[in-house]
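J.: The residues making up each chain are set out below.
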Amino acid sequence: MTTHDNRAQKLDALIQQAIAENREVTPPRDLWRGIEASISRSQVTLKRKPSNYWVWFTGAAASIFVIVGVTLSLSMNSVSTTVNGQQLELLTMVTQQHQQQRQILLANYEDAGLQPTFSELQSELEQLRSAAVQVTEQLRLDPDNSELWQFLQWLHQQELDLLKVMYQQPRTYQQV
Amino acid sequence: MTAQILTTTQFDDPDIALAKKAGAGDLQAFREIYERHHRRVYGLVLRLAADHDAAQDVTQEVFIQLWKNLERFRGESKFSTWLHTVATRVAITELRKQTKRLSKLQLAGENQAQFEQQLVQEDSADLNQLDHLVKRLPLQMRWVFVLHCLEGMRHEDVAEELGIAVGTSKAQVFRARTLLEEWLSYDNA
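If you read the sequences in order, they're chains A and B. Throughout the first sequence, residue numbering follows the working numbering, covering 3 to 178 in sequence. Throughout the second sequence, residue numbering follows the working numbering, covering 65 to 253 in sequence.
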């Protein structure tokens, strides 16, 4: 047997030994902390990212203006000259009720010491409020229009939902 | 028959249930996966990196990437096999980045070789004879040797992972063996 064969055999033996050992090495320091911190950071970033809401509400706000425009122009043609006093009273009640709901919601957040997390949604909130005002004014002229009533209710609900999103706090790591 | 084998594999592999839980966001399950496998991953990465500091960073990156990609694990193979593939891929990518950073620090040519040699000498207390020698191999040759000869990967897979030709992988193993045999004779002399 040549020297080369001996060296090759020795190397093969070392390789076989290394494979058989199924090498496991304990790291000199705890690596889990860093992994956990990184995962936690990425989770928080993910939770703070309002992309879905952003896209949804931006799209919704744009749609609202189109719908408001179309609905108002259509309803202008069918405005009844008869003004129903009871319905106007109901409209005032609905508006006041919504304002109360909004104030209670904001007061609760304030009491809890929470600040709006997604302040970039403020413009969408203003658009929703503006649309609600326009629909309310139109309803004063056309209180029998059931579609406008439904639309107003929908706008109020969207505003409350958006406020909840704005004050939503990112979940902490422990909650995750 | 195939279905039977898959069912048996899933039944026998406790990691699959853990992986599913972790994939759904259960960090405690993921920690258990880490506890089970991190020594094996670290062993592989240390061989590829030939440096404890780099190996620690890369091992962390392997598990961070694993967390992000767990949903891709479909349970069609053993979890440890899949983890090995992920670990190899992430390790090679990360080590390449580190090598580029070293080059940018102008540790090129002889300086880089000296730097690598210094690292090899610094933290080689817990290594066996073969590992000592493998660390002296040039970077890509070391990766090919470790993946093919020690981790049992086919040349085709090694070539794909490293982005080299199959022939290059074979040639690198041949050259690595020649060098190691030569160094073995020196060490035993």
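Treat the hints as calculated values from the structure; they're not laboratory data. Bear in mind the structure is a predicted one, so any value in this text is a computation, not a measurement. Among the hints, erroneous ones may be present.
Covered stretches of chain B (chain A as the covering partner; in silico rule of three or more C-beta atoms under 8 Å from a C-beta of chain A) [as the list claims (entries may be wrong)]:
1. 106-112
2. 146-155
Facing chain B, according to a computed beta carbon distance under 10 Å, are these residues of chain A, among others [to be verified]:
3. N8
4. L13
5. I17
6. V27
7. W34
8. I37
9. G87
10. Q88
11. Q89
12. L90
13. R104
14. D113
15. A114
16. P118
17. Q159
A virtual CB, placed ideally from N, CA and C, is assigned to each residue, including glycine.
J.: Does each hint hold? Answer for all of them.
T.: Status of the hints after comparison with the structure:
no., hint, verdict
1, 106-112, "holds (count 5)"
2, 146-155, "violated (count 0)"
3, N8, "holds (9 Å)"
4, L13, "holds (5 Å)"
5, I17, "holds (6 Å)"
6, V27, "holds (4 Å)"
7, W34, "holds (6 Å)"
8, I37, "holds (5 Å)"
9, G87, "violated (56 Å)"
10, Q88, "violated (53 Å)"
11, Q89, "violated (50 Å)"
12, L90, "violated (52 Å)"
13, R104, "violated (34 Å)"
14, D113, "violated (31 Å)"
15, A114, "violated (26 Å)"
16, P118, "violated (26 Å)"
17, Q159, "violated (30 Å)"
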